[in-house]
Amino acid sequence: MQKFSKLTGIAAPMPLVNIDTDMIIPKGFLKTIKRTGLGVHAFDEMRYTLDGTEKPDFVLNKPQYRNAEILVTGDNFGCGSSREHAPWALADFGIKAIVSTSFADIFFNNCFKNGMLPIVLPQEQVDLLMKDAEKGSNARMTVDLEAQEITTSDGVVIPFEIDPFKKHCLLNGLDDIGLTLEKVAAIDAFESQAAQSRPWV
Amino acid sequence: MSAPKTLYDKIWDAHVVSEDADGTCLLYIDRHLVHEVTSPQAFEGLRMAGRKVRAPEKTIAVPDHNVPTTPDREQGIKNEESRIQVEALDKNARDFGINYYPVSDIRQGIVHIVGPEQGWTLPGMTVVCGDSHTATHGAFGSLAHGIGTSEVEHVLATQTLIQKKSKNMKVEITGKLRPGVTAKDITLAVIGKTGTAGGTGHVIEYCGEAIRDLSMEGRMTVCNMAIEGGARAGLIAPDETTFEYIKGRPHAPKGAQFEAALTWWKTLFTDEGAQFDKVVTLKGEEIEPVVTWGTSPEDVLPISGVVPSPEDFRGGKVEAAKRSLDYMGLTPGMKLTDIAIDTVFIGSCTNGRIEDLRAAAEIVKGKKVKDGMRAMVVPGSGLVRLQAEEEGLAQIFIDAGFEWRLAGCSMCLAMNPDQLSPGERCASTSNRNFEGRQGRNGRTHLVSPAMAAAAAITGHLTDVRELM
Chain A
1 MQKFSKLTGI AAPMPLVNID TDMIIPKGFL KTIKRTGLGV HAFDEMRYTL DGTEKPDFVL
61 NKPQYRNAEI LVTGDNFGCG SSREHAPWAL ADFGIKAIVS TSFADIFFNN CFKNGMLPIV
121 LPQEQVDLLM KDAEKGSNAR MTVDLEAQEI TTSDGVVIPF EIDPFKKHCL LNGLDDIGLT
181 LEKVAAIDAF ESQAAQSRPW V
Chain B
1001 MSAPKTLYDK IWDAHVVSED ADGTCLLYID RHLVHEVTSP QAFEGLRMAG RKVRAPEKTI
1061 AVPDHNVPTT PDREQGIKNE ESRIQVEALD KNARDFGINY YPVSDIRQGI VHIVGPEQGW
1121 TLPGMTVVCG DSHTATHGAF GSLAHGIGTS EVEHVLATQT LIQKKSKNMK VEITGKLRPG
1181 VTAKDITLAV IGKTGTAGGT GHVIEYCGEA IRDLSMEGRM TVCNMAIEGG ARAGLIAPDE
1241 TTFEYIKGRP HAPKGAQFEA ALTWWKTLFT DEGAQFDKVV TLKGEEIEPV VTWGTSPEDV
1301 LPISGVVPSP EDFRGGKVEA AKRSLDYMGL TPGMKLTDIA IDTVFIGSCT NGRIEDLRAA
1361 AEIVKGKKVK DGMRAMVVPG SGLVRLQAEE EGLAQIFIDA GFEWRLAGCS MCLAMNPDQL
1421 SPGERCASTS NRNFEGRQGR NGRTHLVSPA MAAAAAITGH LTDVRELM
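So the sequence lines, in the order shown, correspond to chains A and B. So in the numbering used here, spot 191 of the first sequence is number 191, and the numbers just go up one at a time. So in the numbering used here, spot 392 of the second sequence is number 1392, and the numbers just go up one at a time.
No lab work stands behind these hints, which were simulated from the structure alone. Do not rely on the hints blindly, as some may be mistaken.
[Stated by the list, open to error] Dumping the calculated SDA-like pairs for lysine to any residue here, alpha-carbon to alpha-carbon at most 25 Å:
no.	chain 1	residue 1	chain 2	residue 2
1	A	K55	B	Q1419
2	B	K1167	A	F160
3	B	K1058	B	E1044
4	A	K62	A	L16
5	A	K166	A	D154
6	B	K1005	A	A194
7	B	K1052	A	A194
8	B	K1266	A	A195
9	A	K183	A	Q193
Bound conformation, chain B alone (with noise of 0.2 Å):
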């Protein structure tokens, strides 16, 4: 009997190639993702090199960050950088024959909802992307995290990864989450636990009853924010509802590979008495529909709560705290729902999933954008489009005043034409409220979907549970 596994341990092993004496090891990777940002200048590297990508049937690329999400995009991309980074990746895929959604296909959107919707995500699985958001992932219990463009040359020309193990670090949500609490306000309490740095050098796995309640775009949503608690990856057990999301999607196995696969799948799990490095454990109950106040994403509060003192932290977050403060434009002991906000975002790879649109939708519904403000949803692909727009979802934000666009990454990192101005606030579903990462000077509060939804109403943070 060998020594009990955690789920990591399991799919480390499973994708060993190599090891060398001192732990270094030579790591199979089974999915590649690709956008353009990160990945010009590694195809340039393959070039310059005479390098063929080794395993073009396993990488999959797809324009998102750039991408303008208002209907004129099919004229064309006018901003010429992003444009020239756009072709430069449609000339990548076509002469590297590596799988590929453009601009242009209804299946296009940000890389982490399209993999796994188009059944390309599977678990056991390595995935890698170079994207920090490939955390994603991990929610069908497949190893995957973000890379360097070093790294994306590396796995295009070789398929592997050279790579030291991380340590295993276990977070349980136990219980029943209540009402109006979702799997982002999960995600963004852990980090306020850990902190941002709380996961560094670790993989979490994610467990306990909170979790196994979730679908999967809400254990999508928790995996996705690993990484802005300091962990490459973040993981999720596959279950019955992983195998149900699986079954059918275009490059899922099908009949008796179906079958074969499943028998593995089922045995990716932690066994019983598996060590973990570290343990977090978080009680469903007491979580509230949490926002961000600063500029980490660690600064988490309850919406029943206050902003807080530099006094109240220690060491280097106190002068963090000042600077925040005054990037925030906010001052200590206001309460989180005095904050007027000017802008919502839903959208991004944290929550621009069909899940995520229904539950905004739902507290939006029959009611009117507050007079004043810009409200904006972004589906996270072409294929959530659509399902919104067949569900009536779609029809719901339009009559409330919110703009309907096209699938990409949006305002969560700006890098197209969604941007804040300086001093807009902005309550947001994306992932990271950064100085600037929403636009220069722009002010970001971190939400819910369902959190943002109530803002849009109100026209300032808003426990939503006031609105159910």
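Just chain A, same shape as in the assembly (with noise of 0.2 Å):
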């Protein structure tokens, strides 16, 4: 998996609440069978007219915003599927960390095992990311997941919280198959026991 320790780059404002993952990646392009490829297709439809062209108004259209690292969004972001293909989309966009103030549970997962960090923060500080987001390009942030900061581009620091096993893989780049597969003693056990307790699973 790829690691994440430090970042500085453009973060792009998107204060829309709720974007959901049909937003974030349509059902169209699920039918893949592979991983990568989808960043030309992150908000396809907010993105795109039905002809495809861009629509010059959506913010990673902008000029400013078209290398953005970081997205600063609205409350309950990725909320909707399962679908991983959220992430790889905006992993493949080039996006690298998520603000929000809060988000879907199974979306927060998925961006962990592709590399990317999504942080909670509370309202007043997401509205401040946001307004330096609005700078654009001239803007940059910085997030530095061992030191636990975002530093804005005037030099404000604001700390943020994250699980501990969770930044732990993310600054390693550790793969959770090979951690798990070196307690398959312990998933043995469980299952002989298990055959004795609840036979009919």
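The two chains are supplied separately, each in an independent frame; assemble them into the complex guided by the hints.
Shown next, in the form of structure tokens:
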């Protein structure tokens, strides 16, 4: 898995609340059997007209945000389906960190599996970062996972919380399956015990 | 005497393989359901690492999202990408030796309908699937939730998930429902009250007299939409209704094993005095038939209501409401019953079971679909379809002018050819009214099967109680 440690980049403001997984990657693009190549379709229906032309008003189509690596978003980002195509599309576009007051649980988890960092902050701090993001490409934020801090373009430092295990995996780019397989003896033991206590399973 | 536990606590505790100092657990998974959309990359990952499926006998696959629902599907899937995805599942199921219901099998259907129907889902189990509506299986008192594709691969390889425990939330529906009010109205009314993030970080236990009174089909409808309320899982304690439903199903335990299972299942309830982190209570008598007006499942109103104005909201929801009204082509103050409908869709993992079809058929019987409307019924599985044909429901729908389709997810997410055109407005028994969900620029109003049937007859959103 891709490591994440520290990033300085452009943040794009997306203040709309409840941005759902159908908005992030519409179902037409879920027919792929690959993980890659979805970036061009990220936010497809918000980003392009029916004939495929870019909508100039959409934030990631604006010249100053085309290379955004951070999203600052409204509440409940990523609600809806379990499709990992949503973080795959965002990662393929170049997004590495997302800031919001809240994320849907499954989307939140999926981000970590793909080297992306979702950060939960209180409303006032998201508002402050939203204002900073609105300054455009000259405003670059720094997200430092080791220090658990975001630094705005004018030097305001905002600390954030993160689950220590998820932080560890992200910093070191650890593969979950590899980690779990180290505990295979415990899984074997659980299975033998369950075969006795719940043989019908 | 140990501390009182919730139902969720009990199921969780019975599945912890190991726990780290920071509370991160390895949780054992009893059933892994698989469909064609969220699994190909996971199987590819296994192949690349030279790994096997650890417990193929606990893994069940069925294609549902992409499959056409028209009779010509026997000639193969025309859309190339869809066909490749279904063929990939055929191959993966064969190569890895997992239980499989291919398109040609009468038992094929929506994964969340097939699992319970075949007796794979049992009380006290952990059930996962690369699909957010896995919450459905919570109706049996099993801890069931959606996972991403990386986690699908993790479960295939290890039969476990790395998890931290969620918080406990109780949603109680007291008293009796009034006539014309269904499980769908309950679950939408709850989301209308809590919002789509109200359950985030929680597992919901639904309880109360109105929940107890529901059939298994109704309970599945309620739990199915726990995810629209932000909760990964919804639970209902198993009882006689549950045990009766399970008994005799192909993969349910038999004989002495059933009795042994029953003894354990009967311990699966929340203890007196157990603590919930959040409690929401609704009075069953006060729930009306509801509809959604906007593009979030929290945009719920009683059918007697009017389209709201953005000024009725606060914070970020003001802009969201403006955007929704514009997308939906609605004007504030308009009566919901004045909204004209082009299409009616009855089906999905939310409302594609036999009871749903019975409820819709009861409204439709002897009437005709309004001229110019498109109306379709898509049974949730081949067996639901068969049963509906045997009960005469199919003929009622056909006589009324409905299309009678084969099983699949269909227009719930429109990955197959069943889609809305831009601007087309649909009364749908599915679970999401997101922008573009049923087809780009399509407009969705979520309703119960009976309400969808009523709209098909009148051509506009209708209070079903007027047709009863």
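These are the hints, each one checked on the structure:
Between K55(A) and Q1419(B) the CA atoms are separated by roughly 24 Å; this keeps the pair inside 25 Å, and the hint holds. For the given pair, K1167(B) sits about 21 Å from F160(A) by alpha-carbon distance, which is consistent with the 25 Å threshold. Simply put, K1058(B) and E1044(B) have alpha-carbon atoms about 20 Å apart, close enough for the 25 Å limit, and the pair holds. Of the pairs offered as hints, the one joining K62(A) and L16(A) holds, with about 17 Å between alpha carbons and a cut-off of 25 Å not exceeded.
For the given pair, K166(A) sits about 29 Å from D154(A) by alpha-carbon distance, which is inconsistent with the 25 Å threshold. This hinted pair checks out: K1005(B) and A194(A) have alpha carbons roughly 21 Å apart, not beyond 25 Å. Restraint check for K1052(B) and A194(A): satisfied, since their Cα atoms lie roughly 21 Å apart, inside the 25 Å limit. Distance restraint check for K1266(B) and A195(A): the Cα-Cα separation of roughly 19 Å lies within the 25 Å cut-off, and the hinted pair is therefore satisfied.
The hinted pair formed by K183(A) and Q193(A) meets the criterion: a straight-line CA distance of about 16 Å does not exceed 25 Å.
In this structure, only the earlier hint numbered 5 is contradicted, and the remaining ones agree with it.
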